Amino acid sequence: MSLLSRFFNRWREPKLSQEFDDEIAFHLEQRVERNVREGMDVTAARAEARRHFGNVSLAREGMRQARVASWVDDFAADIRYAFRVFARQPVLTGIAVLTLSLGIGANAAIYSVLNAVLFRPLPFPDADRTVLVNERLRSGGGTSPTIPEILDIRARSRTLDVVTFFDTRDAQIDGGSEPAYVSTTRVDPAFLPLMGARPALGRLLTDADSAEGSARVVLLSDGLWRRNFGSAPDAVGRSITVNGASHLIVGVLPPAFTVAFIAGEPEMYLPYPLVPAYTQRSGEFANVRRVPTLARLKPGVSLDAASADLAAVAAGLIAEHPHLYAEFGGAANFVIDVQPLRAAVGESGQRPLYMLFGAVVLVLLIACVNAAQFLLSHAIEREPEVALRSALGAGRARLVRQSLSETLLLACSAGALGLVQAFGIVSVLRSQLPPMLMVGRIDVDFRVLGFVAALAFGTTLVCGLVPSLRFSRPLLRPSLDARGSTTRRSRARQVLIAVEVALSVVLLVQAALLMRTVGVLQRAQSGFSPESVMALRIRGMAGGPALGTTYQQFLERISALPDLARAAMTGSVLPRFPDAPFTIVGNAETDAASPRQSASYQIVSPGYFAVLGIPFLQGRSFADTDTVGTTPVAIVNEQIARRHFPAGDPVGRQIRAGVGPRAATMTIVGVVGNVRPVMQNDDVSQLYVSYLQQSEPNMTVLVLPTAGRTVSLDAIKRAIWSVEPRQAVFSVVPLDEMLAQRVHGHRFVATILGSFAALACVMSVAGIFAVISYLTSRRLKEIALRRAIGAQHSDVLRLLSGQTFAWTLIGLAFGAGGAYIASRTVGATVPNVVPLDFWMVALTSIGYLIVVAIATILPALQALRVDPASALRAE
Amino acid sequence: MSTQEKKTRPRDNRRDQLQGTLDLLVLRTLAAGGAMHGYAITERVEAVSREVLRIEAGSLYPALHRMTEAGWVKAEWDTSENNRRARFYTLTAAGRKRLAEEEEHWTQLAQAVGRVLKHA
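Protein sequences appear in the order of chains S and H.
If you're matching positions, the first sequence starts at 1 in the numbering used here and goes up one per residue.
If you're matching positions, the second sequence starts at 1 in the numbering used here and goes up one per residue.
No lab work stands behind these hints, which were simulated from the structure alone.
Don't take every hint at face value.
Cβ-Cβ distance ranges computed for the label pairs, FRET-style [claimed, not checked]:
(1) S:L465 - H:A93: 32 to 38 Å
(2) S:F457 - H:W77: 42 to 48 Å
(3) H:A93 - S:A397: 33 to 39 Å
(4) S:P299 - H:A93: 43 to 49 Å
(5) H:V113 - S:G450: 27 to 33 Å
(6) H:A47 - S:D41: 23 to 29 Å
(7) H:E51 - S:I79: 25 to 31 Å
(8) H:R115 - S:F457: 49 to 55 Å
What you are looking at is a predicted structure, and each value in this text was computed from that prediction instead of being measured.
Yeah, the Cβ is synthetic: ideal placement off N, Cα and C, and Gly gets one too.
With the rest of the complex left out, here is chain S (with noise of 0.2 Å):
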């Protein structure tokens, strides 16, 4: 209380001042008249007054002292004294705010992204309960349960209240210009209660709609709502064309619902069929279809109490379905357990961001040295003017705090810049964000704010520091009589400059490392050609083999185009994760005893290896007489050939492989050169089946113009279209941008830690800029005497730039030790890093060695013109 009445008694001081004069006269008034009335005259009296008062202004001040905090006028002279001593030197001020300014708002905008992924909760009610429900095996790897096991461990479980799932997949939808295609999220009826949908208009769905048997029915999202509906407030009760069977809507999501951290952003929801198919363990799809399984845990119950209850769900379910589990090695290898959904959602981005929040912090600590030069060579300035101050009688905390007063003003400039820094960088950001952070929305929210403050007092404390310490010893005739010399404090300076090194070169290094990586790993993909390739998705509707007939329809009429080479179709673009396991007829080493082998699995046409390119070693491609009613035949790659089959006569022979309907023993045909898939170092075993022998909705279009031309989207649309209308085309990409985009984790790291190291590298050779100028600016007299002693110019720019030089040197060097250490924790923290060789270190230090020599030998060439006689004249 006390402290805030005096606080605002500052802007009530002449009244106070006039009380106080009051108070005192009045005082003095009866003093006299006491005199006076005791027989004295007044003059006496008055004095007599005045001497029994005893000192007036000290009692005044006092009386000040205890009614007005006067921190408030001193912190405001101290700030306007500091505005006034940086508007003097203008180019070294804007220097070290605009550093700390970007290393503020560097930070402030890497926290954000940090912020959004890791720690922000996820926006439904009672998200710190929910987990995500996965299956472990204690040797390594997991996967999500099937529905047959969710459903019993809805009903078994203790230690939790609900348990729901969905999958996602795209979905066709008629009516509007042309078929589209969207993303469509199947659910359990349990799992958008959970989420905490509400509906905007009409109804969620029930568990009736997933009901086998009952009417198709579909739940909008508000932005499909908007438009193909035009935000009709009658949407509700109107059908919708999906997949070709009209589904009527039941309802639609208010715009404010998402489920992008977990779901992506699905813009239809329809009910999961819990159908036998589904959900008895005898059902076609049930024990391979696994789905992503959410659960709330009742109140009050830990992790590991949940944990410990689906163990023994797990356990009953080996003891009742053996067969079932017997490839997991049973209930000693095989457990469920639970993982918080936030930690689970933020796993992926958690690492990189936090090795991206490391190097941004270096770069801040960068910003910090620059900015600690450069209030060195302000407190050196000004030492004279401290001394003389000091000698005036001002006190040792008095000055400490006007330092640090300076300090503050320059670093909430520099936070208030690096804000709007923030703003731009983090809107940069949101648009380049790989799926990985893609947890919520990025921004610079209140505890983004809370962080830059930290920041800025956290620099003020660390930057200010080392000049405010030197007024706490006595400093006064030295300082005062003559301009002390520079080189006993230029020590620390040199340090800090091998430090500002040290640093960037960590940096540097570290960048190098990433983008070499993201560069091999584009290069490793290697064993086809994507150039000019177009890719197209499609999704067949009709079914079984006549989905087959289709395709061929759609391949034969595409080929048709003018300045078309090649058209070919496949289940995916490339070799996907091998899972497909498989055995070699007639091969002892692959019995069920050996361990599981497994291979990449693809459905492709028969063009497909002409248009990418890939090599046939052996037999032949398929052929459209390869069908249904015919052998089974399939392809594989030069690694199969070559593990499998030493003698070298893969073609002939028989291969088993397939899970589930796909299962099928096929006689190889081929042998084609292997295909890496993305982000793996390794070759892996490949094998291709043929389109017209394997139905598969899901397919691409690859298309290779005849080089040199180009085939346009609306004409291969059309050939489609002249097969089957209303065959919806979607994602259209050229193919090695979607290859790129298999990077697009690795290559945003490697860009912005890019950025930083940039960044860095700018501020340091900045940073490094302004110390030599400051010194060698203190040291023309000098250098005019050594010229006018007969220096030469080789003399006088060792003398400048030699300790430096040499200081920026034993930085590198440890900038090069450190770099090998921080390049362990980059490899452990982004998978497929390439190893750091001496080279990218060698030439990283030279290319950054150079560009510092740049800067320091700068400045002394400006000092070497400069007249030795006017500058000896001068002062």
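Guided by the hints, dock chain H onto chain S, whose structure is given.
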């Protein structure tokens, strides 16, 4: 808390003690006499102590203002016995509590000094 106070305190223990005593004297005087102005306080202390204790006006007024800010006393402008405007101080509840503490402290101190004089 001003710098000046902070700076001088560790050096000047004697003044610190006196200041403590000053608070005690002022609070006690106000407790006995109701609303009083500064001059009356000095007169009263001198009279009661038979001129042994003399309160410096230069210390009294800062102390009164400090105690006002601390909430121990309340100050009001009013008319004095000879019809002049004067600033009158009265003890508050917090001031009464403080006075009890100060008295307790002083008694202990006096007893301790007494014991030392007697037995040491």
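For each hint, the structure was consulted:
1. S:L465 - H:A93: 32 to 38 Å: violated, 45 Å
2. S:F457 - H:W77: 42 to 48 Å: Roughly 43 Å apart at Cβ, these two residues keep to the hinted range, so it holds.
3. H:A93 - S:A397: 33 to 39 Å: About 36 Å separates the Cβ atoms of A93 (chain H) and A397 (chain S), which means 33 to 39 Å holds.
4. S:P299 - H:A93: 43 to 49 Å: holds, 48 Å
5. H:V113 - S:G450: 27 to 33 Å: Since V113 (chain H) and G450 (chain S) have Cβ atoms about 54 Å apart, the given range 27 to 33 Å is violated.
6. H:A47 - S:D41: 23 to 29 Å: Since A47 (chain H) and D41 (chain S) have Cβ atoms about 25 Å apart, the given range 23 to 29 Å holds.
7. H:E51 - S:I79: 25 to 31 Å: 51 Å Cβ-Cβ, so the 25 to 31 Å window is violated.
8. H:R115 - S:F457: 49 to 55 Å: holds, 52 Å
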